[in-house]
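J.: The residues making up each chain are set out below.
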Amino acid sequence: KNEVEQSPQNLTAQEGEFITINCSYSVGISALHWLQQHPGGGIVSLFMLSSGKKKHGRLIATINIQEKHSSLHITASHPRDSAVYICAVFQGAQKLVFGQGTRLTINP
Amino acid sequence: EAGVAQSPRYKIIEKRQSVAFWCNPISGHATLYWYQQILGQGPKLLIQFQNNGVVDDSQLPKDRFSAERLKGVDSTLKIQPAKLEDSAVYLCASSPLRNTIYFGEGSWLTVV
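Sequence order for the protein chains is A and B.
The numbers in the first sequence follow our numbering, run straight up by one, and end at 94.
The numbers in the second sequence follow our numbering, run straight up by one, and end at 199.
These are computed hints drawn from the structure, not numbers from a lab.
Because the structure is a prediction, the values reported are computed rather than measured.
Certain hints may be false.
What the hints assert, rightly or not - Keeping only pairs whose Cα atoms sit at most 25 Å apart, straight-line, the calculated SDA-like set for lysine to any residue is:
1. A:Lys81 with B:Lys98
2. A:Lys41 with B:Tyr189
3. B:Lys98 with A:Gly28
4. B:Lys102 with A:Gly26
5. A:Lys40 with B:Phe152
6. B:Lys131 with A:Lys41
7. B:Lys149 with A:Thr91
8. A:Lys40 with B:Gly90
9. B:Lys165 with A:Glu(-11)
10. B:Lys158 with B:Pro183
11. A:Lys81 with B:Gly90
12. B:Lys170 with B:Gln137
13. B:Lys131 with A:Pro25
14. B:Lys131 with A:Glu(-11)
15. A:Lys81 with B:Trp109
16. A:Lys81 with A:Asn(-12)
17. A:Lys81 with B:Asp173
18. A:Lys81 with B:Lys102
19. A:Lys40 with B:Lys102
20. A:Lys81 with B:Asn138
21. A:Lys40 with A:Gln80
22. A:Lys54 with B:Lys131
23. A:Lys81 with B:Gly115
24. A:Lys54 with A:Pro25
25. A:Lys41 with B:Gly115
26. B:Lys131 with A:Asn(-4)
Claimed, not checked - Incomplete in silico selection of chain A near chain B, CB under 10 Å:
27. Asn(-12)
28. Ser10
29. Gly14
30. Ile51
31. Lys54
32. Pro94
Here a beta-carbon is modelled for each residue, glycine too, at the ideal position from N, C-alpha and C.
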């Protein structure tokens, strides 16, 4: 069993839909990142969370430390949101552990 | 602020040949990572440097992969000899502080 599990692995939706991607982890962490990777592109950190909730534009990320669970929400989804979204957690000594990623496709 | 620079962006080589990838982290970032990302999978850590010392290289296939970080700044990852299963994106990342990380665009390797 992976230390970081994401669901779903693949998600296809229509433009405008509300999107939720979930992440569960089984290890102690110092922070959690939601990363975005476009095809052929590098990886960008969307959010770094250690508690609570953060919002940036149409993106919202939440984390529940007690339940070891985080969610990434996209409101009013758009085709340009199509990408792979990766949950990654920092453990001690700056070790980053990745989930397997969620491939999101938003159709017009 | 300049980002993490990697080169080359794309490389095609034949199996048993060698290849080298270069990474220049963001200035002042003490921690540097090399990851291997096979298509459809999440990144896998190959090696982590703190300044010019190795923190973790437990998943680096040392019979064919080597990496160095001269003077605690830029870094080179070498593969010799390459195998077909080495086809992947090689991502470099750097970190200035605890819990932060910045990724380069990646170097795409195809071994034929």
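J.: Next, verify each hint and record whether it holds.
T.: Hints and how they fare:
A C-alpha spacing of about 28 Å is found between A:Lys81 and B:Lys98, which places the hinted pair above 25 Å, so the restraint is violated. The hinted pair formed by A:Lys41 and B:Tyr189 meets the criterion: a straight-line CA distance of about 20 Å does not exceed 25 Å. Straight-line distance between C-alpha atoms of B:Lys98 and A:Gly28 comes to about 16 Å, which keeps the hinted pair within the 25 Å bound. Under the criterion of a C-alpha separation no larger than 25 Å, the hint pairing B:Lys102 with A:Gly26 is consistent with the structure, at around 23 Å.
Between A:Lys40 and B:Phe152 the CA atoms are separated by roughly 39 Å; this puts the pair beyond 25 Å, and the hint is violated. Our distance criterion of 25 Å between C-alpha atoms is broken by B:Lys131 and A:Lys41, whose separation comes to about 28 Å. Distance check on the hinted pair: B:Lys149 and A:Thr91 sit about 38 Å apart at the alpha-carbon level, beyond 25 Å; violated. Pair hint A:Lys40 plus B:Gly90 holds up; C-alpha atoms about 24 Å apart against a cutoff of 25 Å.
A distance of roughly 29 Å separates the Cα atoms of B:Lys165 and A:Glu(-11); the hinted pair therefore is violated under the 25 Å criterion. This hinted pair checks out: B:Lys158 and B:Pro183 have alpha carbons roughly 16 Å apart, not beyond 25 Å. Our distance criterion of 25 Å between C-alpha atoms is met by A:Lys81 and B:Gly90, whose separation comes to about 21 Å. Between B:Lys170 and B:Gln137 the alpha-carbon distance is near 29 Å, which puts this suggested pair outside the 25 Å criterion.
Distance hint between B:Lys131 and A:Pro25 is fulfilled; the C-alpha atoms sit about 18 Å from each other, no more than 25 Å. For the suggested pair B:Lys131 and A:Glu(-11), the alpha carbons sit about 13 Å apart, so the restraint of at most 25 Å is met. With a CA separation close to 22 Å, the supplied pair A:Lys81 and B:Trp109 stays within the 25 Å bound. Between A:Lys81 and A:Asn(-12) the CA atoms are separated by roughly 15 Å; this keeps the pair inside 25 Å, and the hint holds.
This hinted pair checks out: A:Lys81 and B:Asp173 have alpha carbons roughly 23 Å apart, not beyond 25 Å. A hinted pair counts as satisfied when its Cα atoms are at most 25 Å apart, and A:Lys81 with B:Lys102 does not qualify at roughly 31 Å. Taking the CA atoms of A:Lys40 and B:Lys102, the gap is about 46 Å. The hint is violated against a cut of 25 Å. Between the alpha carbons of A:Lys81 and B:Asn138 the distance comes to roughly 15 Å, so the proposed pair stays at or under 25 Å and holds.
Between A:Lys40 and A:Gln80, the direct Cα distance comes to roughly 22 Å. Compliance with the 25 Å bound is thereby established for this hinted pair. For the hint pairing A:Lys54 with B:Lys131, the CA-to-CA distance comes to about 22 Å; that is within 25 Å, so the pair holds. A C-alpha spacing of about 19 Å is found between A:Lys81 and B:Gly115, which places the hinted pair at or below 25 Å, so the restraint holds. Taking the CA atoms of A:Lys54 and A:Pro25, the gap is about 29 Å. The hint is violated against a cut of 25 Å.
A C-alpha spacing of about 29 Å is found between A:Lys41 and B:Gly115, which places the hinted pair above 25 Å, so the restraint is violated. Annotation: proposed proximity of B:Lys131 to A:Asn(-4) holds, straight-line Cα distance about 20 Å (limit 25 Å). The interface hint given for A:Asn(-12) is met, as the beta carbon of that residue sits about 9 Å from the closest beta carbon of chain B, less than 10 Å. With a least beta-carbon distance of about 15 Å to chain B, the hint placing A:Ser10 at the interface is violated under the 10 Å criterion.
For A:Gly14, the interface hint is violated, since its Cβ never comes within 10 Å of a Cβ in chain B; the closest pair sits about 13 Å apart. The closest approach between the C-beta of A:Ile51 and any C-beta of chain B is roughly 14 Å, which is over the 10 Å cut-off, so the hint fails. For A:Lys54, the shortest C-beta to C-beta distance to chain B is roughly 17 Å, which exceeds 10 Å, and the interface hint is violated. For A:Pro94, the shortest C-beta to C-beta distance to chain B is roughly 25 Å, which exceeds 10 Å, and the interface hint is violated.
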